[in-house]
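Peer 1: All chains should be built: construct the whole structure from the sequences, respecting the hints.
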Amino acid sequence: GENVEQHPSTLSVQEGDSAVIKCTYSDSASNYFPWYKQELGKRPQLIIDIRSNVGEKKDQRIAVTLNKTAKHFSLHITETQPEDSAVYFCAADGTSYDKVIFGPGTSLSVIP
Amino acid sequence: NAGVTQTPKFRVLKTGQSMTLLCAQDMNHEYMYWYRQDPGMGLRLIHYSVGEGTTAKGEVPDGYNVSRLKKQNFLLGLESAAPSQTSVYFCASTNVNEQFFGPGTRLTVL
Numbered sequence: 001g002e003n004v005e006q007h008p009s010t011l012s013v014q015e016g017d018s019a020v021i022k023c024t025y026s027d028s029a030s031n032y033f034p035w036y037k038q039e040l041g042k043r044p045q046l047i048i049d050i051r052s053n054v055g056e057k058k059d060q061r062i063a064v065t066l067n068k069t070a071k072h073f074s075l076h077i078t079e080t081q082p083e084d085s086a087v088y089f090c091a092a093d094g095t096s097y098d099k100v101i102f103g104p105g106t107s108l109s110v111i112p
Numbered sequence: 001n002a003g004v005t006q007t008p009k010f011r012v013l014k015t016g017q018s019m020t021l022l023c024a025q026d027m028n029h030e031y032m033y034w035y036r037q038d039p040g041m042g043l044r045l046i047h048y049s050v051g052e053g054t055t056a057k058g059e060v061p062d063g064y065n066v067s068r069l070k071k072q073n074f075l076l077g078l079e080s081a082a083p084s085q086t087s088v089y090f091c092a093s094t095n096v097n098e099q100f101f102g103p104g105t106r107l108t109v110l
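First to last, the protein sequences are chains A and E. Residue 92 in our numbering is what sits at position 92 of the first sequence, and the numbering runs on without skipping anything. Residue 66 in our numbering is what sits at position 66 of the second sequence, and the numbering runs on without skipping anything.
Note that these hints are calculated values from the structure, not bench results. You can take every hint at face value.
Mimicking DSS-like on lysine-lysine, the simulated pairs with C-alpha atoms at most 25 angstroms apart in a straight line are:
1) LYS99/A with LYS71/A
2) LYS37/A with LYS9/E
3) LYS9/E with LYS42/A
4) LYS71/E with LYS99/A
5) LYS57/E with LYS99/A
6) LYS99/A with LYS70/E
Peer 2: Below, the structure written as C-alpha cells:
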C-alpha cells in the first residue's frame, strides 16, 4: 500500500521568511496529493491540493510542486505570518480513489 | 449546515469498557472516514465507508468496529477498550477530494 513520508517534523522560521515542507510517496499510481493545515486544538482543513497531471499549483502565498518521476511533492509558504503556525499534513491516494494516506505531519512555528 | 459533528467531545474509559463514537454529516457525502491522531504519527485511517451499508478496513482497524446504517451517520465502536486506544479520533466525509473533518473526540483509556 501507499506510504507517505514527510520532512522536517518540526520547522521554525522568522516571520516574513519562506517555509518548505517535503513529502515522498511510494506508490507510483498515486494521482491526488492534498495538503491539510491543523491549528492547535482544531480540526484539519484542506489548504491546497494538486493532481498528477499538474506540476505546480499556487494560491496566494501557498504553492505546491509535484515531481512524479522522483515521487515527491512539496509545500511552499512565502512571506510567513504568525497565523501560519500550525501542523501541516501531506497525503497521497495510492491506487485507491476513495481514500488518502497521510504523512506524519510537520509542526511549523513562525517567530514574530 | 452543521457540517461534520462528533459525539462525544471527551470521554474517559476504564480498560475493558466499551463505547461508541458517533459521526454525523449533513452534506450528503458518500464517503466517510474514521482516523486516530497520535503525536508524531499523523492521521491514521481506522475504517472507512464508500456508501450506506458498506465499510472497509483502513491502516489500523484492529480493536475497532464500524457501521454505516444511514448515509449521514458513521459509528465507531470499541468493544473492549485498551490503553493503546487513548487518542484523538477524527471523523471526516467527502464526495470528491476535499475531506471535511469533525471537531474530534479525545478518548482516554485508563
